[in-house]
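Chemist: Here is how the chains run, residue by residue.
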Amino acid sequence: MKGMTYLWRMALRRKAACLLVVISTAVATVFMLFYPSLIENTRQRLDETYDNITVTGSIATANIMPAPQIPNAVWHEIQESGLFSQLYGSSFFKLYAFPKELLEEKAGKDASEQLNLLAFQTLLADENQTAHRVKGRMAGYNSFEAADELLRIRDDITWLEDYDENCLAGEERICIIPESWGYELGDTISLLSIITLDKSEVEGILRVKVVATYPGKITSLSAAMPLRSMEQLAEDATAAHKEAGNHYTWILNLEDVFFTVKDNQQLDEVKALLQKLRGNDMLSVRLDDKTLKETVKPIESNLAQLEGSFIFFFVMIAAIGFFISFLLARGRKTEYAVMCLLGESRAQITMKALTEQFVLCLVGVAIGALIERNSFDGAICAVILLCYTIGAAAAVMLNVGVNVMDILRDKE
Amino acid sequence: MSILQAQNVHYIYQSKYQKVHAVKGIDFEFEEGRFYAIVGKSGCGKTTFLSLLAGLDLPTEGQIVYNGKSTAEHNRDDYRLRAISLICQSYNLFPLLTVEENVAYPMLLRGVKESEAKHIAHKKLKDVGLGDTYYNRLPAMLSGGEQQRVAIARALASDARIILADEPTGNLDTENSEIVFSLLQRLAHEEGYCIIVVTHDTAIADKADEVLRLRDGALIG
Ligand SMILES: Nc1ncnc2c1ncn2[C@@H]1O[C@H](COP(=O)(O)OP(=O)(O)OP(=O)(O)O)[C@@H](O)[C@H]1O
Ligand SMILES: [Mg+2]
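Order-wise, the sequence lines are chains V and X.
Counting in my numbering, the first sequence runs from 1 upward without gaps.
Counting in my numbering, the second sequence runs from 1 upward without gaps.
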């Protein structure tokens, strides 16, 4: 551009104005670069909060019922949803047990299922044996941690070799029983299980291997076995009944489900799933997200405020940029008039003024970016540069755009 | 022979509120080596007419012809850059360029190298009576008359043969007016410039080779 060197000379002699542009763009840049990091920090804090607070919940039967009521399908859907990091499920059925010697005396050692059933029926009918009879529950758990009762006695349990707490996660037909039943570790025990199906009760002999015993007595729990093997038991029993011509279908329902939400950011999906699963009012669903909500709320509103004001500040800075550029360009009306008088076209003048403004802004933005180099963002710098230059462009065009005829008439 | 011709020039200011017919059918031929004065009452259209001669706008009707070509056919920015030099009462100089830079600036626009432009500038400044002590001053450090002489030096430094001036002495005292006018007169007579000056000063108009009297936008003699 011809004559540009002289324009630079003029610009440099206009120290205050140049400094104003450089400083204001530098300050704007520093601020605009710094501000998003403020937002980013808050967002990180929010994420951390989401990560660090555990949200747990449970599904239970709404009223106390004789048999578990949570449909097996619900349990499976929850498992397959992938929304939970920890899932504890439990189920149970009623059972009768008799001490080993008593049962063997009646049915014989290694008796068939049929003989065992007969023995149970005789023993149950015999009033003299009531004292030896154990009426209890076989609980199914998918994990040792699923049962507080088990956790409480965990140190007192004697395990069969090669077995430990992890066995509940498996699907072997094994059980944990009280020592008082008189069975040895490794024995296979026969139990009379009573399943409630459509309000009627069905009896059957269940044979499971004893892998652990515990001393003393727990009221709510007699024996425990892996939930998965209990489910299979139900499937097998259904199949056997079908073969025998009965039309019982035993689908193992669950009594309780406890869960821990895997990712709290997915809480909405969790809620939607639970809402869907609740189905009828038979189930009571609980989600303990109060702590999370209370912790997250102020951070979220803080973040919303920061993000909201970002736009405000951005517009402010753009406006300030525009006005600084505008005022400076207006202050140079005289120069533009002389340039026009000397035969420079409006386009040439605008280009020159813009180049000058652009370079000054570039210096300012560069200084700002250097100061705030840790959170440098090219896009933000470009936008600031653009805002200031567009401001200058508008101002220059407005001021060069006066009717050239007025140049002669304008006598200060 | 004539260098600039006004042929039936009309100019109408068309604003939202009214039309002002400021120039009404001026016919005139300007020649090189002559000094013209345009006089008339305030508001009679002198500045408007000069603006048209300077190519700041086109006549509403009629045409201004330079070198056989109408200003409508010229690139008017280029016309201002090369064909004419315009001097007005104020708005003459870049306030932040030194005297020599001000004179050199239009030469840079025409692609002259800075060192050469400065050399020419010094010569022209001497021609208008400004010595080397003035070169590095800013316009604000000069008197009104000196500023106007710098503007004239700048006009001389261009290739243009026509110098248009709108009340160049409007802000000057009699003594300085005298200096500026005799300078312009000398340029016309000795250097062969075509000089057209709008003025209120009758004493100065009297010195002109030819006087254009305007009344109500029309030439009356
Ligand atoms: N922009 C404009 N819009 C409308 N009318 C205008 C405009 N500029 C000037 N005029 C009118 O045009 C006429 C001529 O104005 P011009 O400035 O040429 O007069 P002038 O002879 O130079 O006067 P002065 O001696 O006071 O400078 C005047 O009547 C003025 O009111
Ligand atoms: Mg006038």
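Calculated from the structure, these hints are not laboratory results.
As the structure is a computational prediction, the values presented were derived from the model and not from experiment.
Be aware that one or more of the hints could be misleading.
To be verified - When the alpha-carbon atoms are kept at most 25 angstroms apart in a straight line, the in silico PhoX-like pairs for lysine-lysine are as follows: (1) K209(V) / K109(V); (2) K69(X) / K24(X); (3) K126(X) / K113(X); (4) K209(V) / K135(V); (5) K271(V) / K290(V); (6) K41(X) / K126(X); (7) K24(X) / K2(V); (8) K2(V) / K113(X); (9) K123(X) / K2(V).
Chemist: Does the structure break any of the earlier hints, and which numbers would those be?
Modeler: Hint check: 6 and 7 fail, others pass.
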